[in-house]
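Chemist: So the sequences go chain by chain: A and B. Residues 13 to 270 (the numbering used here) are what the first sequence spells out, left to right. Residues 53 to 364 (the numbering used here) are what the second sequence spells out, left to right.
These are computed hints drawn from the structure, not numbers from a lab. Among these hints, one or two may not hold up.
Said to hold, decoys possible - Part of the chain B face toward chain A, derived, beta carbon under 7 Å:
1. 54
2. 76
3. 112
4. 118
5. 128
6. 129
7. 132
8. 269
9. 299
10. 300
To be verified - Partner residues are not named here, just some residues of chain A that face chain B (Cβ under 10 Å, in silico):
11. 237
12. 238
13. 248
14. 250
Idealized CB from N, CA, C, for every residue including glycine.
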Amino acid sequence: MQKNKSYILDLELVEIQQLNSQYVLMKFHDENKLPPMKPGQFAQVRIDGSPTTYLRRPISINFVDIELNQLWMLVQIVGDGTRTLAKAQIGTKINMILPLGNSFGIPLPNERVLLVGGGVGVAPLLMLGKQLQEMQIPVTFLLGARSANDLLELDQFSRYGNVFTTTEDGSAGEKGYVTQHSLLSTDVFGRIYTCGPKPMMQAVSAYAKKHGIECEASLENSMACGIGACLCCVEDTSEGHVCTCIDGPVFNTNVLKW
Amino acid sequence: MVNQKVNLNGLQLKNPVLTASGTFGFGEEFTDFMDLSRIGGIIVKGTTIRHREGNPYPRMAETASGMLNAVGLQNKGVEYFVNSIYPRIKNFDTNVLVNVSGSTIEDYVQTAEIIQDLENIPGIELNISCPNVKLGGMTFGTSCTEAAKVVEAVRRVYKKHLMVKLTPNVTDITEIAKAVEAAGADSVSLINTLLGMAINAETRRPVLSTITGGLSGACVKPIALRMVWQTANAVKIPVVGLGGISSASDAVEFLLAGASAIQVGTANFIDPTISQKIAAGIVDYCEKHGFQSVKDLTGALIIEDKTTSCTV
């Protein structure tokens, strides 16, 4: 796949929504037209004002609003870096390198697709859902979380397809994990796209393998550079160690040593 | 007009800024962001005689103002470099040096010989200081005798610029520097990473798959600066300084301490254009402080009498 050009940009924070105690949705704007970005790609975000944060943070591109020229990021507050980022004031310019990484593949004609997300891993699936809808491909989302409060952007997802949910405590959707949802025993899919916690993606991949379904997973290995220079974010594959940042983050799960 | 040129014992650099091995890929990764012709050279990823998979993930731990890595010299081997990478990078308008590593003296010698035949590679950086491999690497760099042996052996076959990269994980780095100088090195570069460790208290487990790894980034700069100053006072061959350099001011400090050139490493991860900015910033410094030539900065540190009484 031909790599699309990456840029270092200072994007202006124009909106921030606190989704719950752990997640914020940040919207950025640039006076120039944002570069083309594909579903699954990410940005390396520099975080100023956090002495314990030395490296950039890789954050998925959640959505690009072409009309408003806005880039959305769904940020999970994990440590000092993301906590500082989530406190940025409207109008702050945030330095980021983008777009980085590969993207989700295009389904075959008439292939039924399922998009399975968990936690902050739902982020890239929103943009993917929009792309698939634009290609007139019916989209089904299966989104999992600990509880109802952790199910993110459901209103957005429902714009692009049917949304099914699971929660571990049963406070919304079916109780249990995504791989336990009744949808999987009643419906037949040809391709699954997944992003979320590694154990969830491994379970989804195992389900796909068992049923002969193509499966692509977007990995979240820890990174230093994000541009293929440091070789820190490697994943073990049938081709040996490859960089999640440039050879991924999206991999066909058949090549992964899961 | 400031003269930026540096003569590194025969290796001509258009300016004193190089990029450190393992932090700049093969240069291609940075061409979206900067103009490689604006820096003195790039030192490409550590290359070994045979393909190496490197260490298992996780290989990286962020630290306060720095990071630990345990990549372990992952590379596809020198033949792959020659056939697949060299053709793509040989016409970069800057010096391209190859960092050479090995498990045995024979590995180093064979790799150096193969790279010698590449017309557009004017030198190698001999890595006797990698802390992340079980065999070779730092074991050569922590003993004067072993360091001298490998440098002598490579020197016998390698006729272009031979830079030797030293480890800080020794009691006295100047002893190793003197040993490799006597063995025929054309220059020394220092420091490689400092051996460190990170633990995740929540899981009660080490963060890195290898338990220990190499510390780099802004946090190591004072140590690197001290070692460069000591070494520049101990050897006659040029010293190339690196370790946490993140700004033009940092780079100037290394030059004042006695370095003839500098390398930018981990800072490339935070700002992929930083090496180009540092090269420009050194010129600004020279203009502001009345230096006609960048090479005049080397060793221009002023030490008043009262400070020399400190023990070093």
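Chemist: Hey, does the residue 132 of chain B contact hint survive, CB to chain A under 7 Å?
Modeler: violated, 12 Å
Chemist: Using the nearest Cβ pair, does residue 238 of chain A come within less than 10 Å of chain B?
Modeler: At 8 Å from the nearest chain B Cβ, residue 238 of chain A passes the 10 Å test, so the hint holds.
Chemist: Let's test the interface hint: is any C-beta of chain A closer than 7 Å to that of residue 76 of chain B?
Modeler: holds, 6 Å
Chemist: Could you check if residue 128 of chain B really has its C-beta closer than 7 Å to a C-beta on chain A?
Modeler: For residue 128 of chain B, the interface hint is violated, since the closest Cβ of chain A sits about 9 Å away, which is over 7 Å.
Chemist: A closest beta-carbon separation below 7 Å is what the hint needs, so does residue 112 of chain B meet it against chain A?
Modeler: Nearest chain A Cβ about 4 Å off; hint holds.
Chemist: Going by Cβ atoms only, is residue 269 of chain B closer than 7 Å to chain A?
Modeler: holds, 6 Å
Chemist: Does residue 299 of chain B meet its interface restraint, that is, does its C-beta lie within less than 7 Å of any C-beta in chain A?
Modeler: The hint is violated - residue 299 of chain B has no Cβ within 7 Å of chain A, the shortest such distance being about 14 Å.
Chemist: Let me know if the C-beta of residue 248 of chain A comes in closer than 10 Å to any C-beta of chain B, holds or violated.
Modeler: holds, 7 Å
Chemist: Interface hint check: residue 54 of chain B, Cβ to nearest Cβ on chain A, cutoff 7 Å. Holds or violated?
Modeler: Given a least distance of 27 Å, the restraint on residue 54 of chain B is violated.
Chemist: Is the hint on residue 237 of chain A kept, meaning its closest Cβ partner in chain B is under 10 Å away?
Modeler: The hint holds - residue 237 of chain A has a Cβ within 10 Å of chain B, the shortest such distance being about 4 Å.
Chemist: Should the interface hint for residue 129 of chain B be scored as holding, given a Cβ-Cβ cut-off of 7 Å against chain A?
Modeler: Violated - the Cβ of residue 129 of chain B stays beyond 7 Å from chain A, reaching only about 12 Å at its closest.
Chemist: Next item in the hint list is residue 250 of chain A. Is there a CB on chain B closer than 10 Å to its CB?
Modeler: Because about 13 Å separates residue 250 of chain A from the closest Cβ in chain B, which is outside the 10 Å limit, the hint is violated.
Of the numbered hints given earlier, the model fails hints 1, 5, 6, 7, 9, 10, 14; all others are met.
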